[in-house]
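Visitor: Input sequences plus hints: build the corresponding full structure.
Chains as they are written, first to last, in the working numbering: chain A, 1 to 331; chain B, 332 to 659.
One-sided excerpt, in silico: chain A residues whose CB lies under 8 Å from chain B:
1. Gln227
2. Asp228
3. Thr232
4. Arg234
5. Ser235
6. Lys236
7. Leu238
8. His247
9. Lys250
10. Asn251
11. Pro326
Derived DSSO-like pairs (lysine-lysine); straight-line CA-CA distance at most 30 Å:
12. Lys250(A) / Lys458(B)
13. Lys363(B) / Lys400(B)
14. Lys410(B) / Lys146(A)
15. Lys458(B) / Lys470(B)
16. Lys79(A) / Lys50(A)
17. Lys146(A) / Lys395(B)
18. Lys250(A) / Lys3(A)
19. Lys470(B) / Lys363(B)
20. Lys614(B) / Lys410(B)
Derived by calculation from the structure, the hints in this document are not laboratory data.
Beta carbons are placed, not taken as given, at the ideal position from N, Cα and C, and that holds for glycine.
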Amino acid sequence: MGKFLLRRMLWLIPVILVVSTITFVLMHAAPGGPWDRDLSARQVDPVTQKMLNEYYGLDKPLWRQFTAYLIGDTNSKGKFICGLICGNLGPSYRQRGLTIQQILFMPPEEKSIIYSRFGYSMRLGVYSLLFAILIGIPAGVLSALKQNTMTDYISLFIVTIGISVPNFVMAIFLIIIFASTLHMVNIVPRSWDEVSVWVLPAVILGFGTMARTARLTRASMLETMRQDYIRTARSKGLAERVVIVRHMIKNSLIPVVTMLGPALAGLVTGSFIIETMFGFPGMGRAYVTAIGQRDYSMIMGTTLIYAVLVALANVSVDMIYVFLDPRIRLE
Amino acid sequence: MAELLSVQGLETQFRTREGIVHAVNGVSFGLKEGETLGIVGESGCGKSVTVMSMLRLIPSPPGKVSAGKALFQGKDLLKMSDDEIRHVRGSQISMVFQDPMTSFNPVLTIGRQVTEPLEVHMGMNRKQADDRAVEMLSKVGIPNPRDRMNDYPHQFSGGMRQRVMIAMALVCTPQILIADEPTTALDVTIQAQIIELAKRIRDDLGMAIIWITHDLGVIAGLADRLVVMYGGFIIETAPIRDVYAHPSHPYTLGLLGSLPRMDETGQRRLVSIDGLPPVLLEKPNFCPFAPRCKYVVERCWKENPPLMQVSPDHTAACWVNPETGRER
Ligand SMILES: Nc1ncnc2c1ncn2[C@@H]1O[C@H](COP(=O)(O)OP(=O)(O)OP(=O)(O)O)[C@@H](O)[C@H]1O
Ligand SMILES: [Mg+2]
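Guide: Given below as structure tokens:
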């Protein structure tokens, strides 16, 4: 187990290298730069731009900027500033005086880290994942146990919607229903301290994953129900409840867990859209804003954090997998 | 000896896309205490469905036991409440299945699976159940049973797995053990070991056995009586010696003929019965074996023969006596 974890952690290094290279190239290939303003606004004058470029090292050749980001470089005053290898994500070009770490991980005032941008996004992700799992798995199980009944058809109907309707479309519909028409929630909440305002974004973000989880759980349950060992379990005189809980569900969850890795990646990309739509104070919205502003270091930092998160999620999925299926060995 | 189990007129059907499959058509047989009954017949003749119907393990839908009784110690298994039948399963009547590979839950330890019946039926706690399971595993010849309790099914060989399966079926010392082709998936030497094991355990615990097989050679040394099935019907039933000495149905004769024999050149030859097993979509009004039968007479096409007494304790469902070739 330890060896497996170590190996998977070492794998993070090439992942980070590849992701950062691609991001760096794409970012600089896109037209514009961090000092451009809206066309209507007053532009930063060329002299200031030149000074800023020098200050942030943007006047250096691209390869040097890249190595400076990864490893570090001397700044304009001749002092060596360490880069990513020291855990430094660099200064933001748009939010002057703040580093990327501060923007993403520093909570306002004295609050805990869950009130940082990162914390907000993690909470939203966890809530929507919980929604997806806690609704999706029971729905799939129930659907399979009551195959071809009304329960099954209703569940299949909702699942089909969840899989085929993109989350931003669903977001608009639900905002119209619950915010504009029923006035049950504010479209853009004034504060995210209340639990109720989390429901809509979390549900919308998790809906697709919920639907896929339910569909896969149902299919997997139907498959398991036909297995010989279920007949064996019944022949031993176990109560139907025990047969379902002990013998069917664990086996049925194995393929579902495999799907959760990619599903987490889906939640991450979904969060860019949902956070932006709801004006959510999280990392996803900051990311979208940063892309628009060509805040290079912010784009890089956030991309890498997402990459690491998805990679870690996949490692945990593999570990859950081993826990569920004794036939799989990690070494 | 007292009749332990009495099956009367059992009928089971499956509703399928092609129509209704008449898998079991009015099957009757009895089982005495301590007796070993063999059920033989080709694949698809309804052996498994018969015993599964008794324990109500037929998947429904599509399956349905539409008629008959299965009296166990005087009580009809088919009329019991779900709770009552659950108490019979695994504690008084246990089953061993054909494929030891797929019949165990792959994600639970052997120990967990073997102790389950003890916890359900005997109300044992984990420790007592573990001790009993270990005792049973060692009885069926699993080396180091205590250590192996924590292993998973895939860590056992096929033969060992079938031994564990037998141990699991016997932990609650049932009165009846139903073994549904327990050796078919195993290779020949392991088959022989499992049969030996069954004999030893039977002599030890004294339970009655229903042993299903499609191989008359396997059952010879084990069974007291034999039931031969064909197309969902019982077509012959007799004490085992009578079956080999005086087979009274052409199909039984065919089955005996299809045993591997040593011929003059010393090679094992497998002779099989010509023709295909019947389609079960209709309940035939003629003898279902007639299309493949060498002895067929006109009456066979007009009337499906019922089981008829051919000698004391020996019945066969054939209009013809295959020993003489004449109508009975
Ligand atoms: N779930 C089912 N749905 C439809 N038909 C079924 C089902 N189970 C069994 N049958 C049919 O019932 C008939 C009897 O099957 P059964 O399993 O009892 O045969 P068997 O004698 O045990 O054969 P084998 O030696 O292959 O195990 C077969 O024709 C089969 O097609
Ligand atoms: Mg069978």
